[in-house]
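Colleague: Chain by chain, the residues:
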Amino acid sequence: MSLEAATTASGFMPAHASTAIFGLPSVWLAIAILLAVYAVIMMEKFNRAVLSLLGAGIMILCGVLNQEQAIAGVDFNTIGLLTGMMVIVAISQKTGMFQYVAIRAAKLVKGDPWGVLVMLSVVTALFSAFLDNVTTVLLIAPVTLLITDALDVKPYPFLFSEILASNIGGTATLIGDPPNIMIGSQAGLTFYDFLVNLAPIIPLIMLTTMACIWVIFRRDIHASREARELIMEFNERDALKNIPLLKKSLSVLGMVLIGFTTAHELHLEPASIAMFGAALLLLLQTWSCDLEEKNHAFEGVMAEVEWTTIFFFVGLFIIVTGAEHTGIIAFLADKMLELTKGDFNATVAAVLWTSAIASAVIDNIPFVATMIPMIHDMAPTFGGAEAIRPLWWALALGACLGGNGSLIGASANLIVAGFAQRAGHPISFFTFIKHAFLLMILSIVIAQIYISLRYL
Amino acid sequence: MFAERIMTTNIATCSPDQPVHEVIDIMTEKRLHTLPVIDADGILLGSLNTLSVLNRIVPEYIVTGDLKAVPYAPDFGLLRKHYLALNNSKTTVAEVMERHPTTVHANESLLSVTAALITYDRFEFVIVIDDASKMLGIISSNDILRALHDQFPLEIETV
Numbered sequence: 001m002s003l004e005a006a007t008t009a010s011g012f013m014p015a016h017a018s019t020a021i022f023g024l025p026s027v028w029l030a031i032a033i034l035l036a037v038y039a040v041i042m043m044e045k046f047n048r049a050v051l052s053l054l055g056a057g058i059m060i061l062c063g064v065l066n067q068e069q070a071i072a073g074v075d076f077n078t079i080g081l082l083t084g085m086m087v088i089v090a091i092s093q094k095t096g097m098f099q100y101v102a103i104r105a106a107k108l109v110k111g112d113p114w115g116v117l118v119m120l121s122v123v124t125a126l127f128s129a130f131l132d133n134v135t136t137v138l139l140i141a142p143v144t145l146l147i148t149d150a151l152d153v154k155p156y157p158f159l160f161s162e163i164l165a166s167n168i169g170g171t172a173t174l175i176g177d178p179p180n181i182m183i184g185s186q187a188g189l190t191f192y193d194f195l196v197n198l199a200p201i202i203p204l205i206m207l208t209t210m211a212c213i214w215v216i217f218r219r220d221i222h223a224s225r226e227a228r229e230l231i232m233e234f235n236e237r238d239a240l241k242n243i244p245l246l247k248k249s250l251s252v253l254g255m256v257l258i259g260f261t262t263a264h265e266l267h268l269e270p271a272s273i274a275m276f277g278a279a280l281l282l283l284l285q286t287w288s289c290d291l292e293e294k295n296h297a298f299e300g301v302m303a304e305v306e307w308t309t310i311f312f313f314v315g316l317f318i319i320v321t322g323a324e325h326t327g328i329i330a331f332l333a334d335k336m337l338e339l340t341k342g343d344f345n346a347t348v349a350a351v352l353w354t355s356a357i358a359s360a361v362i363d364n365i366p367f368v369a370t371m372i373p374m375i376h377d378m379a380p381t382f383g384g385a386e387a388i389r390p391l392w393w394a395l396a397l398g399a400c401l402g403g404n405g406s407l408i409g410a411s412a413n414l415i416v417a418g419f420a421q422r423a424g425h426p427i428s429f430f431t432f433i434k435h436a437f438l439l440m441i442l443s444i445v446i447a448q449i450y451i452s453l454r455y456l
Numbered sequence: 001m002f003a004e005r006i007m008t009t010n011i012a013t014c015s016p017d018q019p020v021h022e023v024i025d026i027m028t029e030k031r032l033h034t035l036p037v038i039d040a041d042g043i044l045l046g047s048l049n050t051l052s053v054l055n056r057i058v059p060e061y062i063v064t065g066d067l068k069a070v071p072y073a074p075d076f077g078l079l080r081k082h083y084l085a086l087n088n089s090k091t092t093v094a095e096v097m098e099r100h101p102t103t104v105h106a107n108e109s110l111l112s113v114t115a116a117l118i119t120y121d122r123f124e125f126v127i128v129i130d131d132a133s134k135m136l137g138i139i140s141s142n143d144i145l146r147a148l149h150d151q152f153p154l155e156i157e158t159v
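For the protein sequence lines, the chains are A and B, in the order given.
The opening residue of the first sequence carries number 1 in the working numbering; numbering runs sequentially from there.
The opening residue of the second sequence carries number 1 in the working numbering; numbering runs sequentially from there.
By construction, these hints were calculated from the structure, which means they are not laboratory data.
Beta carbons: idealized from backbone N, C-alpha and C, even for Gly.
Any given hint might turn out to be false.
[Claimed, not checked] Covered stretches of chain B, going by a simulated chain A footprint (3 or more residues, C-beta under 8 Å):
1) 65-71
2) 77-83
[As the list claims (entries may be wrong)] DEER-style ranges, computed between Cβ atoms:
3) R146/B to F429/A: 50 to 60 Å
4) V63/B to M232/A: 21 to 31 Å
5) A115/B to A303/A: 26 to 36 Å
[Stated by the list, open to error] Here are the computed lysine-lysine pairs in the BS3-like style, where the Cα-Cα straight-line distance is at most 27 Å:
6) K30/B to K68/B
7) K110/A to K90/B
8) K68/B to K154/A
9) K294/A to K247/A
10) K248/A to K68/B
11) K94/A to K241/A
12) K294/A to K94/A
13) K247/A to K107/A
14) K241/A to K134/B
15) K107/A to K81/B
16) K341/A to K94/A
17) K107/A to K154/A
18) K81/B to K154/A
19) K294/A to K241/A
20) K248/A to K94/A
21) K68/B to K94/A
22) K110/A to K248/A
23) K434/A to K154/A
24) K81/B to K68/B
25) K294/A to K68/B
26) K107/A to K68/B
27) K134/B to K68/B
28) K434/A to K45/A
29) K90/B to K154/A
30) K247/A to K68/B
31) K107/A to K94/A
32) K81/B to K30/B
33) K110/A to K81/B
Looking at chain A on its own, in the form it has when it is part of the complex:
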């Protein structure tokens, strides 16, 4: 079946849209915009938010979508959850609690370099599970440079381990990694669903990864007694700069997490909880200041929100909605089912492995944004929304863990590489991929076994 025939036959052609724009059928135009935007994003020469908004604009100007449909295509649950969490983190990080935890962890193991590596990785994984990965590494990587400097060891094994840990930890929860936020929101899966279905396998993946890291780097990490004593001289309590704000931040963070776990019963969406928490913390952080200080603090927090990511999402949702309207997504879903001969187990494996490999090479956010409607389209074949749940877990595991496959696999990886470069210890693309790709494949093998045993 040809693409045009497929789109007409599947009835996906929206009634309002002209079938030909500038003499081109809208389906080809949508494909061209989608591919062009993804390709230019990969070149890393332009801001990705600008590219996705531009692509979205072209979709509308060319009549693939009208503005109303475009706005309806934006998943504000994802946008709200991301923005709310970014605000909460922007305020909480000012308390120094992340540095406190990192130094405390290093001292708990008496500055033993291996212990420090494991502790910092576990801390990274835990923070990544509940905060954005990028935020986590932004906070942990600089302290790691300080700790490894004091220990007089090369920072690379530590940073390498933290990159992997952030992506592994982020896989565990609904809010850990942007792909999960999108999947949860658009597939109607709750925080609790993620916790029950994804989190159980994460400790095993983490443990296996740490064991491999030990094998790879065990000869490179030694610290003298003096260096270890220097670590013990750190006074982590001095990192806590603002105790009242710390109390407020921890209370709001706690409330938000409880809110996420109970959201479903309360008939609330995660975005409402995150945005309410953000507004509450914005109010509390400057409770007793005058209006000018309040305004100043508010603007400071707003400046720290990663608007690039937010607007990237907005544009991307519109582009993918445009592609959906022309029927190409349904066509791709059909093609995938043809390849797997409609076998559910084969389809789960295909989603898992394709997501993993693709996410290692391209940004996993646009990839997942495209995959979600595809998987929705497969639901009727496999007997409805409930039946295809394993496909969502395969997509989440593949897309999040796949980010570990190369230095460009996830934004967090690039952030750490940036820190390392500026500190005079650059991480090359090839050094990283040499170990990381195999470790990523290993984690996907574990994920495949887990899904097979539990769901298939």
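Based on the hints, put chain B in the right spot on chain A.
Modeller: Here is chain B on its own, set in the frame of chain A:
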């Protein structure tokens, strides 16, 4: 009032291939904040400032601003390590020096010298050079204030 009339000429200098630790000795002993770096012919090549030396001792991740505040780090520990590393290395003045210090010409007016200090207020000093870039002397912000103070001692009250 020209730059050359208030500049200090009898000043310590260093050469680009000198090891940094030798210069640190001179700077600390004489409590100097800046040393002009000159070649064998007296041509100005740059300046070695206490801040550029400290820049080398403070870890990179702090210089770049990636780690902003470290109130929890032990006193001296890391600084000592990097300081000893710099002292024991063969790092030369040329590697550490500021390559574009603020300079003025010998015949520049005092206003112009003050303007140079204020406009490029990275350092408390300007270095005075001639047309061939030969180093002639140095003027600190304090020199200018002192020149004014000495020149016009009680004028305000007599007016």
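Colleague: Look at each hint and say if it fits the structure.
Modeller: Hints, verified against the model:
Residues of the region 65-71 of chain B lying with their CB closer than 8 Å to a CB of chain A number 5, which satisfies the three-residue condition for coverage. For a cut-off of 8 Å, the count of residues in the region 77-83 of chain B with a CB near a CB of chain A stands at 3, and the three-residue condition holds. For the hinted restraint 50 to 60 Å between R146/B and F429/A, the CB-CB distance of approximately 58 Å keeps it satisfied. The hint said 21 to 31 Å for the Cβ distance between V63/B and M232/A, and at roughly 26 Å that hint holds.
Between A115/B and A303/A the C-beta distance comes to about 34 Å, which sits within the given range of 26 to 36 Å. Restraint check: the Cα-Cα separation between K30/B and K68/B comes to about 32 Å, which exceeds 27 Å; the hinted pair is violated. For the hint linking K110/A to K90/B, the alpha-carbon distance of about 34 Å lies beyond 27 Å, and the restraint is violated. For a cut-off of 27 Å, the pair hint linking K68/B to K154/A stands: about 21 Å separates their Cα positions.
Of the pairs offered as hints, the one joining K294/A and K247/A holds, with about 19 Å between alpha carbons and a cut-off of 27 Å not exceeded. Straight-line distance between C-alpha atoms of K248/A and K68/B comes to about 23 Å, which keeps the hinted pair within the 27 Å bound. With a C-alpha separation of about 8 Å, the suggested pair K94/A and K241/A falls inside the 27 Å cut-off, and the hint holds. For a cut-off of 27 Å, the pair hint linking K294/A to K94/A stands: about 16 Å separates their Cα positions.
In summary, the hint linking K247/A to K107/A is supported, as the alpha carbons are separated by about 23 Å, within the 27 Å threshold. Distance check on the hinted pair: K241/A and K134/B sit about 50 Å apart at the alpha-carbon level, beyond 27 Å; violated. The hinted pair formed by K107/A and K81/B meets the criterion: a straight-line CA distance of about 20 Å does not exceed 27 Å. Straight-line distance between C-alpha atoms of K341/A and K94/A comes to about 54 Å, which puts the hinted pair past the 27 Å bound.
Between K107/A and K154/A, the direct Cα distance comes to roughly 19 Å. Compliance with the 27 Å bound is thereby established for this hinted pair. Distance hint between K81/B and K154/A is fulfilled; the C-alpha atoms sit about 15 Å from each other, no more than 27 Å. Restraint check for K294/A and K241/A: the C-alpha separation of about 19 Å stays at or below 27 Å, so the hint holds. Pair hint K248/A plus K94/A holds up; C-alpha atoms about 12 Å apart against a cutoff of 27 Å.
With a C-alpha separation of about 11 Å, the suggested pairing of K68/B with K94/A holds against the 27 Å cut-off. For the hint pairing K110/A with K248/A, the CA-to-CA distance comes to about 31 Å; that exceeds 27 Å, so the pair is violated. Restraint check for K434/A and K154/A: satisfied, since their Cα atoms lie roughly 18 Å apart, inside the 27 Å limit. Among the hinted pairs, K81/B with K68/B is consistent with the structure: their alpha-carbon atoms are about 20 Å apart, no more than 27 Å.
Simply put, K294/A and K68/B have alpha-carbon atoms about 23 Å apart, close enough for the 27 Å limit, and the pair holds. For the hint linking K107/A to K68/B, the alpha-carbon distance of about 21 Å falls within 27 Å, and the restraint holds. Taking the CA atoms of K134/B and K68/B, the gap is about 40 Å. The hint is violated against a cut of 27 Å. For the proposed pair K434/A and K45/A, the alpha carbon gap of about 25 Å is at most 27 Å, so the pair holds.
A threshold of 27 Å between alpha carbons decides the hint, and for K90/B with K154/A the separation of about 22 Å falls inside it, so the pair holds. Of the pairs offered as hints, the one joining K247/A and K68/B holds, with about 22 Å between alpha carbons and a cut-off of 27 Å not exceeded. In summary, the hint linking K107/A to K94/A is supported, as the alpha carbons are separated by about 22 Å, within the 27 Å threshold. Between K81/B and K30/B the alpha-carbon distance is near 24 Å, which keeps this suggested pair within the 27 Å criterion.
Simply put, K110/A and K81/B have alpha-carbon atoms about 20 Å apart, close enough for the 27 Å limit, and the pair holds.
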